[in-house]
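Asker: Sequence:
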Amino acid sequence: MDCDVVIYNITQHAEQLEEALWAVSALHDKMNHFSGPKMFILVSTVMTWACSKPIDPDDPELPFTDEIFWRRRAHPNFKHHIDLEKRVVKMGKTNRKLFSTYVVASGLQYGMGEQIFHFFFKMSWLGQEQRVPVFGDGKNIVPTVHIKDLASVVHNVIEHQPKPYYLLAVDQSHNTMEEIVKVMEMDSLQVNLRLEAVHIKELFSMEWSCESGLVENMEQVVEEFRQTRGMLPLRVCVVGPPAVGKSSVCKQICEHYRLHHITLKETITETIAQLEFVGNNSDPEAENDELAADLLFSLKESMEQNGGLLEDHLLVKVLKHKLMSNPCKNQGFILDGFPKTYEQAKELFSDEEESEGDTSMTSGHNRRITPEFVLVLDASDSFLRDRVMNLPERVVQEQNYEQDHFLQKLIRYREANMEEETVVNFFDELDVSLLYLGKKIFDTLGPPRNYGRSIEEVKKEERRKVEERMRREEQERAKEERNEEEEARHRAARWDEWTKHLEEVRQQEEELLEVQSASMRSYLMEQVMPILSRGLMECCTARPHDPVDFLVQHPAPVTP
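Following the working numbering, the numbering of the sequence shown begins with -7 at its first residue and continues without gaps.
It should be emphasised that the hints constitute simulated quantities derived from the structure, not laboratory data. Yeah, the Cβ is synthetic: ideal placement off N, Cα and C, and Gly gets one too. Mixed in with the good hints there might be a few duds.
To be verified - Here are the simulated DMTMM-like cross-link-like pairs (lysine to aspartate or glutamate), alpha carbons at most 25 angstroms apart as the crow flies: (1) 312 with 282; (2) 401 with 423; (3) 30 with 48; (4) 312 with 476; (5) 309 with 420; (6) 22 with 75; (7) 451 with 472; (8) 78 with 7.
Said to hold, decoys possible - Label-pair restraints from in silico Cβ distances: (9) 152 with 450: 31 to 37 angstroms; (10) 53 with 359: 29 to 35 angstroms; (11) 156 with 273: 53 to 59 angstroms; (12) 359 with 450: 16 to 22 angstroms; (13) 499 with 545: 44 to 50 angstroms; (14) 463 with 387: 41 to 47 angstroms; (15) 450 with 371: 35 to 41 angstroms; (16) 265 with 449: 54 to 60 angstroms; (17) 463 with 486: 30 to 36 angstroms; (18) 499 with 519: 42 to 48 angstroms.
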């Protein structure tokens, strides 16, 4: 074997145990033939400590350390893991100069896309459930470690070859299940361990990625999850004159990319409804409830004073809150028809925290909500007027596209875009990709960045495909039956025709045979039968022993 270091990770799949045992046994058996020292590192799980008795019954918070690894007791489902750990340690004691072994007991791993935690990160990302479930009472302490920190521990073991052959790889957090709310496997959920990696602290000087644990570094872990899984939000803004078809384009893009469609009317209505709900169920002494009541009052007052419209600063505040919501931050959004002016765009996408002390354009915007793509739709005024005239009356009323209102909106849009500072200029200054109508939108935006369709949608699509397949099969079956019936009719017709033709041929042959045999019958009846009849009569009278010889030898009596 050319490798000097062999690492086996048995924390994810049970079938890895047998392969790891085979590998360490094979190396141990052949160590006398090694050209140099070799090392075997087994990355195991802290579940081999799950049933360990407390060090001090009077002090249950006293942590276990890897210095007393010999006192560990495994969870019933992890008996094979602890057996493998013991065998690995034992094989490393035969000749440590030639073949050394180490066991690194890893906490539940997180980071870089997640494994055991992925289900719960996915639930949070999708946002389809109000709460992420907690298994058990949630009070148990779950030892964890970032995957980068685990890799760093293994790297330090290889580099320093410490004297202790059993090490714990856990971070310094002592978070409970309720605090994490991110664990999937039932066996792992039940672990309740307060562990401390003493050997790692004493022997290694390593730079931790998440020494304080998952809860304290959730923002970093979430970003790693998004980057590793490719679950990056897609942020799009669609601008253009009234009635150009912005909403239709937005709906198609939302359906394809599973984005949140953000419109002014729906966002304002939703915000007011939420604020009213908070007001009806509020605590008079709560500060947030008081702020919600003040905002609700400001919104209603502004709409009353402006004919149902909001002032720009309130409108921007409502939209910014919507864009900063978890669904929009996770899946992304498509902003329909807003902002309309340069100032609105600047206020909506500004980042007060970054812009303090920095007046540059690119550094002062909020990267979390600034669109990646801006779709600019446009058409001539005559085309837009004709389109509005051909719209259904219901749509005209819903969009407030009556002739006077529509023309006023169109004029305001054209005037706003004749200025030096327009919405398009704002995004152009930020180097945001501008896409004008006529290009292939989906090709420019790229593939979807989500988990795809939900289980219900997949089942619905499967049912549709099954129904389509059954309908197609029924049509094909009906077509085959029609073809078979038609073929049967053709076969019956051909059979009747063939039978009729065969009968005619047979009759013709009989007539021909009748004509051909007439002269022969005449000859037999006139020339042969009279002589033969007299000979037979003579033969019957004489009754010879051999009638044939009699007829041959006595021709005279039978001659005519």
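Asker: It remains to establish, for every hint, whether it holds in the given structure.
Answerer: Tested hints:
no. : hint                             : in the structure
1   : 312 with 282                     : holds (20 angstroms)
2   : 401 with 423                     : violated (28 angstroms)
3   : 30 with 48                       : violated (39 angstroms)
4   : 312 with 476                     : violated (67 angstroms)
5   : 309 with 420                     : holds (23 angstroms)
6   : 22 with 75                       : holds (22 angstroms)
7   : 451 with 472                     : violated (31 angstroms)
8   : 78 with 7                        : holds (18 angstroms)
9   : 152 with 450: 31 to 37 angstroms : violated (50 angstroms)
10  : 53 with 359: 29 to 35 angstroms  : violated (42 angstroms)
11  : 156 with 273: 53 to 59 angstroms : holds (57 angstroms)
12  : 359 with 450: 16 to 22 angstroms : violated (33 angstroms)
13  : 499 with 545: 44 to 50 angstroms : holds (47 angstroms)
14  : 463 with 387: 41 to 47 angstroms : violated (34 angstroms)
15  : 450 with 371: 35 to 41 angstroms : holds (38 angstroms)
16  : 265 with 449: 54 to 60 angstroms : violated (27 angstroms)
17  : 463 with 486: 30 to 36 angstroms : holds (34 angstroms)
18  : 499 with 519: 42 to 48 angstroms : violated (31 angstroms)
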